[in-house]
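Peer 1: Here the protein sequences come in this chain order: P and W.
Sequential numbering from -19 applies to the first sequence in this note's numbering.
Sequential numbering from 88 applies to the second sequence in this note's numbering.
In short, the hints are calculated from the structure, not lab data.
Remember, it's a predicted structure, so these values are computed and weren't measured experimentally.
A virtual CB, placed ideally from N, CA and C, is assigned to each residue, including glycine.
Mixed in with the good hints, there may be bad ones.
Stated by the list, open to error - Here are the simulated lysine-lysine pairs, DSS-like style, with alpha carbons at most 30 Å apart:
(1) P:K61 <-> W:K1174
(2) P:K57 <-> W:K1170
(3) P:K61 <-> W:K1170
(4) P:K66 <-> W:K1170
Stated by the list, open to error - Taking beta-carbon pairs under 10 Å as the criterion, some of the chain P residues facing chain W (in silico):
(5) K86
(6) R253
(7) Q268
(8) I296
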Amino acid sequence: MAKAAKIEVEDGNIVASLQGFFKALLEDGEINALLVPQHLPMKNTVMPTLVTDPEKLNGTDPLAPAFPLNAAKVVSKLTRKPVNGKVAVVLRPCEIRAFIELVKLKQGSMEEVVLVGVDCLGAYSNIHYSRFVGEDSADSTLSFCQNFLEGKGTAFEEFDVSSACKACEYPVPENADLLIGLLGVDINDHLLVKANTPKGTELLDSLGLPATGEPKERKKAIDDLVAERIKYRDQMFKETSEATSNLEKLNFYLADCVNCYNCRVACPVCYCRECVFVTDVFDHEPSQYLRWAEQKGIIKMPTDTVFYHLTRLAHISTACIGCGQCSNACPNNVPVMELFRTIASGTQKAFEYEPGRSLEDEPPLSVFREEEFSELTGGKD
Amino acid sequence: MKRIINYHVHPVILSKKGRYMKKKIGSCLVVGAGISGIRSALDLAELGYQVTLIDKEPNLGGTLMQLDYQFPSDHCGMCKMLPLVERDKASQYCLRKGVFHENIDIMLSTELVALDGEPGKFQVTLRQKSRFVDPERCIGCGECSRVCPVEVPDGFNAGLTLRKAIYLPVPHNIPNTYTVDVTSCTQCGECEKICPSGAIDFGVEARSRFRILVVDDELVVRDSLKEWLEDDGFHVEMAESGTEALDMLAKDSFHLMLLDIKMPGVDGVEVLKRAKDLYPELTVVMMTAYATVETAVEAMKIGAHDYVMKPFAPDTPVPVVAQLYQDILRTGERLMDVGAVILSAGFDSFQPDEDNNIFGYGVSPNVVTSIEFERIISGTGPNQGKILRPGDGKEVRKIAWLQCVGSRDMQEDADFCSSVCCMFAIKEALLAKERSDNQADATIFYMDMRTFGKDFQRYRDRAEKDYGVRFVRCRVHTVSPADEEGNLKIVYVDQSGETHEEIFDLVVLSTGQRPPVGTEKLAEMCGVELNPWGFCKLQDFSLSRTSREGILVSGSFSGLCDISDSVIQASSASLWASRLIHSKGGGLAEETETKEAQFRDVGSEPPQVFLALCTCGGTIGEAVDLNALTESFKNTESVAEVQVIERICTQEGWDDLQEAMRNSNANRVLIAACNPYVYAKKVRELGERIGLNPSLIDVVDIWTPAFPGRDLNGNQLTREISATVAMGIARLKGMDPCPIPTARIIQKALVVGGGIAGMTAALSIAHHGFDVTLVEQAEELGGNLHYLYRTLEGYSPQELLEDAVLKVEDHPNINVYKNTKVIGSEGQVGRFVTAVERADGSVETLEHGVTVLATGGQEAKTAEYAYGESGAILTQHELEKGLQDGTLDPTKFRTVAMIQCVGSREEPRNYCSRVCCSSTLKNSLYMKEKNPDLQVCVFYRDMMSYGFIETYYTKARNAGREITIPADVLVLGTGIVPGNYKELADQFGVDFNEDGFFQEAESKWRPVDFIKEGIFMCGIAHSPRSITESIASAEASAQRALRILNNERLAAGSIVAEVRHSLCVLCERCIAACPYHARRYDKAEDKIVVDELMCQGCGSCAAVCLNSASVLRGYRDQQVFEVIDAALEGLG
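Please work from the sequences and hints to get the whole structure.
Peer 2: Below, the structure is given as structure tokens:
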């Protein structure tokens, strides 16, 4: 049974409250280290940091609307082999979901990790965040949260949070061991902290925070937010499907791709040590290019751009958790996230698979069901 | 033979590791090429014996060719019988299409006609009928069939369609050669004229060498016969009396004598006697008038081949003579020595229109047999799988299956159960439901639903509950026409005695088994006994040994059995054949000379392809411009040379190819011809001859595009052929020849479980000279045999036990570890390490190449029916023991009640234990014998007296029983439960099913294998079975084990998966995807490891691997991309 407590807030400064909470966690909790996003001292950029010294948490700000990378990959690096210590990792819901996918693929382990999730209000793209944050790191975060929770939206100047965040139907990290809640919570008084698992409960108990219940407004707040995002998402699916409904349109959609492979590097669930596109498999014979050109009279160079995206879709669309880092990383503004989420919604539905939901759900290609897709396999012959 | 051929001017490094080859001495004949015959042949071939597999039909596969679907999967799956190790020695494609194995010589249209000699060295005579069509020349175009004027019912479709006299026996064979049905062929010669490749030859020209002597005192008969026969091209001479005939026979040799019976002087019969004395090879046909028919029949007893009735028109004697000519002159005989003979001649189906024909079969077209129904639902059947009535083509909506037609029927002299029809009918009913989208109504009328096999009961329950198949317990006595439209009326009486009348669209008769035609002759020839129903009689406690040593039986020749039992029996037969040959010194001894093929190392050379284009006897040459094609391929990158060769498939063509290769520097060979399947063996031989790794030689099919009927024009055809060849070149270019991996085998076996199954497996393996450790956790060997004192047939289990224990304990190759437990095992096929804990607590480690799990089961405990509350309530085991030790005296009882299926055939233990009904019959009959006044009352759901056990059921019923309650003793048939295998399954990495029995790799085709190669199961650990059945499964598992043990090293296939470790990220998706358990994560090495022997090259791992860290040899990504590009370029 879930157990909830309060992180008290003074002066409306939720950033400071959270910093206090993390400090307590590192000091009192049975953990050796904390992985948490911090403003780097030399720059206002927010990056995950691995902290063992409770005094080094001053820039901690998991609520900052910054999402420079999906930290699931960082956690994977930390846990691929025994790390020999317990680490609490503070993640966004999409990072947790990506990490769960990676654990299924043996690219990480839950053994020594406590997942701490924070209600996610969304984030700007890297370029936009640097404009948003200006010189004022903590205050910008506070105003972002205030505005959001007061219903004033997240738009700033001419930009807004990324479309991945706007289309995200998982703002609440229900599968974290420890959940920090903002939605539907009176954040001027306190933040909600909720233990979802025995691991989380154990950690929460060690902190001696005042107990509380889940505010009754929370459910509605979450439902409204999810409904709004689903609406946005479905519109996005519709538009993207239309924009890519045949090969010609797809070519046009992906025309700006230069095979830099940034999207693949940024993708948390693209987990190969070396992508097949940079191995000898795609080391075509020089004469082959000429033969291709001869067939049609003209080919676009570099080749294999559409093939690359189709391959990535085939490989990981069932595991796509929709974090949008692909689009964030694209130098040419190819709407990669929109395409991936649109296709993924189809493949995930086909396999009745929800990535990142639970370690219990086996990835589709690891499961064999004799009777599935009989309309495709001609099971009835 | 030249071993190493060096064609290269540069220094050549010869690969040290060639193919590892060993040949076993000894050979075996398998008669009948159905499932069991193929299984036995493959078994022996895999052991290294030379096998001759014959079938009297022109096609392989027996009954299974007609059955597209088998329960429980309702698919086929025959290919699962293909060899899993040393795969390259056999074909690796659909077994329904054909069987190829290096060690198997297949002879079709062939019969065994004589057998002499003794076990271990039989001389057999095989007679092969001419099929008039030269398989080397037939291109399968079907022109012959098109022009043939004769139409007869097609046996393949159970007579539901028509075929020509020249036809394809099976539509899907490879290669598919047309064949002539000699009995219906009129030899009009039309097909011979139209055949584009000259493959058909009726030998009309050679008829003038066929010498016929016509003997008749009537000139007019002599003259007209001479005229008619000479018109047809035969050579005819005449004699007007018996004396003259004998004189002529003395001077000249004749093939055939047409002999009148009634002649003055020396009459026909006398001539026949003397002629047969002097010239036993001479064929004699008697000519007789009506008055002397009886004499003619007598004449046949003393050697006449046949008789014809006078007076006759030309169309009577001429076809007879033409037929005889074929039989005599165009039949090949082959004599050979074989160590053992396996009879797998199958069965015939009961013909329901014989005798009473109470169901109107043959009268109403809508009464069909189960085989006919099978053809109706087949995609290759009369309606492409639509269920239409034969009578009027109407969609079928209401079908009745009538069970036990020609079985369990004293009036038909069939006091036996045909064992398979119940499941067969359920399967057909399910298929009917599925095919009709549940529109068809399916009803099965049965007496007992005999679901005695593993998982059968659940299949039946599913049919009833999930699919709505209706089961009606009742024997239907007549089927009558309901109306003019061909509907059928069935009147039946239900369980409550009420009479019902129901109308059906279609009635399917589940026809039972009969011995195949010719069984008596075959039995007499082989010197084996038959049982009272004409099937082959077996020795006590054996499912494969006949009354004569060296003559074994596999499959339904000793009584109908399903696929799984046939396969087990077939392997039991091959085991015994091998034991015999081994004991006679042939054995598995290695041939002294092992041949190692040596291949050129071409790894560093750029690819140079030699392309051979076959003309396919002009077919391709006529359709496209071969010269232009040749020129265009010559200009293709990596092509060194192009040659057009006439008919590569013939020996001449093949010689031409080898000759051409002799002068070539090419390091790849692409043969563009027809069916690539048939070239596998030839390609390997070519590789060895020219020193080129066979993986660098490939065959592509350019013939199918040119197939008549596709009607491609010259340009389209050229494009398609170009694309096909370009694809072949692209694939060969990327081929990276590696030596085929081999693995060392520890030639020792571990058998876990010392019951009769375990002991039999141990003995069977040890007998072949391999060391066996037999581990038993109890103090004594013997298992359940300790509780059994007699069998239904009257055999003695105690004698069997004593004998087996003695043999096991005395055998120099068997180490018996009693009071010993397995505590852990690891490894793979060929290399297992197992730790066992001995009685004294010490732990010992055993190395072994194979494992047999024979861990048994026991009688189920029950708390039902007040068991345990009264001494008068017993289990069948307890009854048997009490009767044996005298604590129970049947003479003291007046009434005994028995309850069957206690706790069985219902969830959670929803399976039939197979042996309880037999135990019940056995104990009942025994008590009745001791006390004829005793009343035995058996409460049962379905009496599972399958096969010839039925006869004891009849006997028990005749002995009389009445329902009288209360009873003196209540006996419960509680069934069998498996031991607790969870720990054992974990230790060995194998699975068990929901009932706790071991899970076999495939219920029908690999019944004693686990998915994990190298581990086998037998006895009750597999599923409940009788002593005899346990022994057979143990022999089968030993056979499966021996095919591995028999090799110091085993070769994998040339196509196996590999891991490119530098790319591998250890996500283990490939492990989950591998259906053969051939992959594992090696923690110490931190690597994914492929067990190359277990890998079957299916490529699932490569498909799930995202960055091609897992690759399939011969199908690397670049290669496949190039093939795709070639295809697209070629099609332009």
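Peer 1: Provide an ascending list of the numbers of those earlier hints which the structure does not satisfy.
Peer 2: Checked against the structure, no hint fails, so every one of them is satisfied.
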